[in-house]
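Spelled out, the chains give:
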Amino acid sequence: MIPSISSLPSGYDCLVASPFDKVCKNLLDGNGVVIQKISIFSEGKCIESLEQNHEFIDGDLIGGNSQPFIWKDQLEPGVSGYLENSFRIEDEKPLFRSNNVLPFYSIYSKPGKKSFFSDNAYLYASPPVISQIAEYGQYIDGYAVARVDRERDYGESIIFINPYRKPLKAEIITADHRSIERIRVPPHSSRLVSLKALLNQDEIRWSGQLQITATNRVITFSVKHSFCDPTIISDHEHLDPYRGEPTHFPATRWFRLRLGKWLMRRGWLT
Amino acid sequence: MKKKEKKYMDTVMSFEDKADLSVNINNDSNQIICACANLKLSDFEKTLGRMKTQSFSALLSETKAGSTCTACLLDLEYFFVEAKSRNPKHFNSDDKTNNLKQLGVIPSKQHIYKILDSITPPIAWAPTNFIPIIKGDNIETWLTITNHDLLFRERKSAPITSSIEIRATDGSFLFKDKIKIDLGEELKLRLDTYLKFESHPLVVGAAYINTYAKFPAMRGTIRPQFEILAEAGACALHAQGDVGPGNTWFTIQNKPLDQRIFLILVNTFHKPQSAKISWPFELYNSSIKTKNVESLQLSSRGTEIFEINCGDALTARLEDRPFSVKISTERSCRVYLLCGTPQLNRFSIDHR
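First to last, the sequence lines map onto chains X and W. The opening residue of the first sequence carries number 8 in the numbering used here; numbering runs sequentially from there. The opening residue of the second sequence carries number -4 in the numbering used here; numbering runs sequentially from there.
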């Protein structure tokens, strides 16, 4: 299955409760030995790695679920990292129905702070990115609800994760022509870029659409935090790439989709 | 071209020139698609055909492509998906659908669909998207819809019209409007002002949004987004479409000193329904058998908020171990997890 990436922002522990029920449903007949590998990367290095075998027989996980993986915040203040989580079958047997990433939330917490939740991203082969590349031949990420406000203490940063072996350059450009240039993310590293650089010196607030482009695929998240203290995080979300899907469908396909929705709302189609 | 627009395009072009962002998708079979592995497109496709694999990573392992400098991974993803879509029979899977495909059952059905789809006119596909609205002391909920082409030089977006309905907790109708959003424009609409403030610390409602493009184009950036702006922090999430009935699960931690956890249920069905909320389901080596079970009545198209309160005894037993909450609904329903500070001055919101 395609490995997934979860961000590890500085100042928070991260709890990863892998969805073993979904792993099991993804096995063709509910049988197989699945090897899970979790690796933590920061500043170009793999700083922790864990491999576990999970045996499924007739749809049951033998021995029950294992403990969740907990990353205890131990990076230098201001240094972030990322977690790579992968599932593969022993001996690479083709036993999975699909290689899609299994979506799950990681829980980020720290005593004295409110938790927040965030989903995982595809290491590669993300469907919206593929449709974007197929349609445009170009990769551009976007986010419509970026907001910084000195007065209300609303800060925001973009996390750039480069899980690949080549360094990358990125740039943030807003729809009203502001920009943050020369963002460099070394291989196997993560960078937090504060959007306060979009504000002019005497400007109190800005909100709007931003767009991100880079010399290679980059995994991005938005982090909404205190303007004064970026280690107090309220929210952590994925961005939204420009969608290469059509706004219209042929009438017959439109009808099939409507019928499918009608059945789904009543529980007659899953 | 206006001066401002020209400056913008110059910025875009200079960056693109520097960075060579575009992906060459001219399918010349002799082109090298991974310079490190000296791999040609034709060899890539041959290997793909021979392996009959659904796994992109297996293909990369076999060809050694994309694993040295990784710069070509994005191109390889494209070629992988394109080759699969051109010749799906080549890629094995033991599931029923593919067995039927091999027997020629589905292709004939798809063939008929393809013919029908090619002769019928296009219709705008605008399924309803839902947004929960939260109102409280110094809490605002904002809707944002943008219609930008971003850095793409070739315009593929279209002007859109968004139909917006706002409904109260009991599902009653509060507001309806159709708003046009031209290319390059943004809609920002404050939603919470339509709700009546009551004694409960948080009052909820929902917005129903359908977005129609004026002519066939690409969806681009038009997915509605919403923000919850509170006294000490902001959070945001994109809108979602409908889901069927069944169980929704969230995994949370009980930390009453640091946070309060709420569930927001938006009944997207046109009839009333009841929802059952049960917790805690411990993930690992469960020792707590007794479950709290609460029933929630949802009006037709109504929205309810429910706080997960573990109480002192359960809090002592759970400590900070993660546990799951199950929400069972009879009909289509959107469920959100709202996590706030004890003072309700900062939030995050998530969905399943």
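Just so you know, these hints were derived from the structure itself, not from any lab. One should not assume that every hint holds.
Lysine-lysine pairs mimicking DSS-like chemistry, simulated, CA-CA at most 27 angstroms apart [unchecked claim]:
hint, chain 1, residue 1, chain 2, residue 2
1, X, 268, W, 209
2, X, 268, X, 29
3, W, 271, W, 209
4, W, 284, X, 32
5, X, 52, W, 271
This structure is a prediction, so every number in the text was calculated from the model and none was measured.
Hints violated by the structure (listed by number, smallest first)
3 and 5
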